[in-house]
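Residue numbers (this note's numbering), protein chains in the order written: chain A, 7 to 363; chain B, 7 to 363; chain C, 7 to 363; chain D, 7 to 363.
None of these hints come from the bench; they were simulated from the model.
Careful: at least some of the hints might be erroneous.
Just so you know, same-sequence chains aren't split out, so a pair can sit in one copy or run between any two.
Said to hold, decoys possible - Simulated pairs of lysine to aspartate or glutamate, DMTMM-like, Cα-Cα distance not exceeding 20 Å: (1) Lys-171 / Glu-184; (2) Lys-26 / Glu-91; (3) Lys-320 / Glu-277; (4) Lys-16 / Asp-360.
Here the structure is a predicted model, which means the values were calculated and not measured.
Number of protein chains: 4
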Amino acid sequence: MSSVMGNKIKLSVFGESHGKAIGCVIDGLPAGVKLDMEKIEKEMERRAPGRDKTATKRREDDTPHIISGVLDGVTTGAPLAMQIENTNAKSEDYGALSAIPRPGHSDYPAFIKFGGHNDIRGGGHFSGRLTAPIVFAGAIAKQILEEKGVKIGAHIAEIGGVSDKRFDKNDISENLLERLSESSFSLIDTKREADMRSAVESARIRGDSVGGVIECAAIGMPVGAGGNIFDTVESRLSAALFAVPAVKGVEFGEGFGFAKMAGSEANDCYEIKDGSVRLLTNHNGGILGGMTDGAPIVFAAAIKPTPSISMPQKSVDLKAMTNETLEIKGRHDPCIVPRAVPVIEAVTALVLLDMIL
Amino acid sequence: MSSVMGNKIKLSVFGESHGKAIGCVIDGLPAGVKLDMEKIEKEMERRAPGRDKTATKRREDDTPHIISGVLDGVTTGAPLAMQIENTNAKSEDYGALSAIPRPGHSDYPAFIKFGGHNDIRGGGHFSGRLTAPIVFAGAIAKQILEEKGVKIGAHIAEIGGVSDKRFDKNDISENLLERLSESSFSLIDTKREADMRSAVESARIRGDSVGGVIECAAIGMPVGAGGNIFDTVESRLSAALFAVPAVKGVEFGEGFGFAKMAGSEANDCYEIKDGSVRLLTNHNGGILGGMTDGAPIVFAAAIKPTPSISMPQKSVDLKAMTNETLEIKGRHDPCIVPRAVPVIEAVTALVLLDMIL
Amino acid sequence: MSSVMGNKIKLSVFGESHGKAIGCVIDGLPAGVKLDMEKIEKEMERRAPGRDKTATKRREDDTPHIISGVLDGVTTGAPLAMQIENTNAKSEDYGALSAIPRPGHSDYPAFIKFGGHNDIRGGGHFSGRLTAPIVFAGAIAKQILEEKGVKIGAHIAEIGGVSDKRFDKNDISENLLERLSESSFSLIDTKREADMRSAVESARIRGDSVGGVIECAAIGMPVGAGGNIFDTVESRLSAALFAVPAVKGVEFGEGFGFAKMAGSEANDCYEIKDGSVRLLTNHNGGILGGMTDGAPIVFAAAIKPTPSISMPQKSVDLKAMTNETLEIKGRHDPCIVPRAVPVIEAVTALVLLDMIL
Amino acid sequence: MSSVMGNKIKLSVFGESHGKAIGCVIDGLPAGVKLDMEKIEKEMERRAPGRDKTATKRREDDTPHIISGVLDGVTTGAPLAMQIENTNAKSEDYGALSAIPRPGHSDYPAFIKFGGHNDIRGGGHFSGRLTAPIVFAGAIAKQILEEKGVKIGAHIAEIGGVSDKRFDKNDISENLLERLSESSFSLIDTKREADMRSAVESARIRGDSVGGVIECAAIGMPVGAGGNIFDTVESRLSAALFAVPAVKGVEFGEGFGFAKMAGSEANDCYEIKDGSVRLLTNHNGGILGGMTDGAPIVFAAAIKPTPSISMPQKSVDLKAMTNETLEIKGRHDPCIVPRAVPVIEAVTALVLLDMIL
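Start from the sequences and build out the full structure, keeping to the hints where you can.
Printed below as a string of structure tokens:
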């Protein structure tokens, strides 16, 4: 069991939803990177709750305090430790839950795994709040990647049945990715926003929640990144993506759509153009044989509906071993998809940087 | 770049499609396991080509020769090395391909990555043939898992648009998994076989290929396996699944279906039954918060159509940098989905065993 | 480059000598351990400076603040983050050193490695102060080991040419190890203390420093811990020991003494005693073929003299590329051997626990 | 427990002394290296038994057969698998040993660890014979290092009390290392050979064995290789060195000699010479703060006497639990130090290459 990821850049995440603080240690960052703190905080704003109507009203003060590894704003090559204090937690809301697992959450298996010793307030270490340090680390990775010509951006491809346009897989501009990666409700076709918000609002009123899909792209990666058999780009990206809470599916390029395609439709053919090799299509999402092929990396992640809903649900008391009805009070997002977009971008950045350092 | 996977059980795979031999080293196996060689060879038969009309006519002699780590049929605790000699390779078929990458294959990025030094005959180290040692290792993992009460089975959920029934996620019997894991054309509803075979045969006649979906389940895992943030069951399984050639999507439980569900539909509620905690549904595919929850682990993998098709395709000569038309001769599967079923089971077994050892 | 160690228990250390704080994240601790904070702080006192005349007069307030992973004094199974604030640093002493590397320290290679971006105040991340979080983590490991019957203790075997008695390798009592591991000037024969202190004091007066040897033992480990070829007990312990600043040699059992022994003298023979296998001697220091053999684990580590001395030394200005004479001001230990004893015990505990979890 | 080492270059070693074959898989080798097979075989000759009077009379046919990863003599970037068949094993000699552990060997802890299932013939997987694939892999690493300007050589510093000259740590020529690394009885002062051989011969006649010390050096490493706290050059080298059977001590630079030195004697001062930074002395063996400092890397390893001696020794029957007297028949080296020299060079090469790739 591990809250550490990465090979060259090792990210170690710590903290609990209602503990003193959350944070991370990033080991292996190159020395000499002048951190763009404004951009880092903007990224963290995108993920923070209470910034948008689709999200919970809690306002966390997510200010990242850098403890080590940075001198005069420049990385030193030593581990970068960062900490966010928990100031706005209302743990009393969760008090009664102690032995009654919330359906769809980690509560039940965590209770068994840790013999009841885990911090269950707000999900403890399994809380979505732990994605804040991941977004922080990802923002640094993004900055280093951009200096190397790699640009990442993601958008809400679907929420509650309402879809955005999808990426044109073989023609993704830096401008589009820039725009997406700066928005707090990222859409290719911004006209879909109203319908998506209605779907979320309608769920909120019912005391329910909705899921969705996030699509992400990266351009500028060199050809041949990734590795042999067990170290494919898909393996590494998916491992990181499934570490994001609520992600339950990942597909690259046409993904599950390949099931209904013929080889003659699915293969990406080649041509020489302007003296370079070019792919005519990009059904494979920029990855062939587990390696980057120079086309944009494109993938989608399925996000399940927020498990915290205010409707009564059947559960059990794990200590008394009795059947119970659970009503979750507190404040919860009826849809976490918009806030998950920067998290998806962050883990993507961490994996791609780890791959080319 | 690495052909090594696993933490406690490290599997190192070697060999090229048309080289002297392929094989693997399995490091960390427990001592004292009496290997059921008959069952291991049956598993390898399921993956081997030429056993079924959907597959290529090549017959490889896939006999696994154990070199070390086993004494009198029992594991010793030392690394188990295994080798399969390549006897039936026809490398001349591929001779002309040297600098013309086959669309949909690893050829182009591998050429760039390895500076043209990689063995390209039949895909070299990236060939699907390298799944033979994985199936071998997986068969051993399966045997050890069964002794611990864990049973794995997968089936062809879809080929060329024809679907099998899906698992009833919260009610999967050992008998069903046993039957699936012994078949060479694994179906829950065996009546779908004829239609699937027609779809494949029709592609074969056109010189084309078809893709599909494989669904896999595992029962008997203890509650709480898997880990914190970056070591989720989904992370580890997906990393291994995307190492299987042609897998382009992985989803757990409802997967991408979650996008259209409400939280009230998606959450798996609890009840006490016969003194134990039970999930009323299993939309999450047996995994909550990245840990096993005691329900069957259920996931699906999308398989892209075999990239080797006999229709002419646009490609380029990477040395001459000219546009070319490529016609792949040789023998190729119009559909690899049936043969991929035991490979999916194998990597699943390796990951689950690594997790509970 | 990595400040992370361990497999099952991953220790990530962060901070710089004169930065805001130092600390660590311990990933993989078992849940349900009631931490003995008093004992942990006692361990940290043993390492802290200014407690003893052999050490620098600085008094650091080394209070460890636990940030996460502990609830009501009991580990939760989530990563345990700990932080020690730097309150007593006097960075001005080091100001002039910026480009003049102190002989014997990390300064020169670190300057090259990090392109001059590393924090050089007091050695930055390479400072001996970073052993404080290691001792903290080791104290927790020690406590868990003791609950499993494993006891560790080390002593000053030599300082400035004055020697302590060595362990009777095949007869080491828990009482002795208990006594050693509670002392701040650990000696088997406490009568040697005065002579050792004289040697240190004499060096201090000369503006010089002295080195020494630490001997460490562990009893209670099960037979057969450790692993095959590359995962020997010696490999894992030595890797951790050489991470302790100033350690330049490690030997197990007779170590370099084996060079002058015959096989007939060096071999540890066996007998059956009280129904158990027993070794008649323990020249191999409790490790055979890289595995524990049931006898006490015994090893020694050579500690070089503190490189910070107040005598003038030849150095260079790395920016101006000129020859310089360096006089180190500030406060420095004329001998770090006594303070290194708990650090040696700590890394030993972390490795042994990682090995048997 | 693991027979796998390395980060970028992963070496997986397999086989047993009296099994079908021994070998290795090297994962992560760069593509495009034209292997100098003659040099590789020469290295293996240096380690092979029966080439020298100090060694056993067995002649193993240690021809390495490359199975994969090489095409037309050039590495492909895929895992390189290599196998050496066991042709000359005489397993009957060991038949009677089955449950009577040989003192000084791995037999007893291995019996406990593997529940009696390990292959004990000739030490099985723990046999010194397993160093043959390590030397093979090391020879490839050496070749790649030499192309990068790094040269490694080791010599017998001591055998049975007879000493060779030691390296002049701050002045080691490529010629000297070349000469040492080509010899099968490597000495700086070749006039010591006769005395060393007498010491060995005298032990052989007594049915006894002798130990020794090997000193190794590497020149040409860039400044700043190695890493932060837990990834020091000393940590990584020592971990690999203690994987070599019979190594029981490792010291860098002055090593245990530092214990009797003052800081003013031990520190290596700097000067500017010909526009470059130079160390005036090299007491630290080319490593400061865990990083290379540009001076030659110099270290020594203590080798214990061969545990297999023909004198009767006290042992026990692990099944019958009775006291026994053991007389080891078979053919054994009265001194393995000369044959261990190329093994020490090999693991050094593997670690240094892994560090700078």
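Are there hints from earlier that the structure breaks, and if so, what are their numbers?
-> No numbers; nothing is violated.
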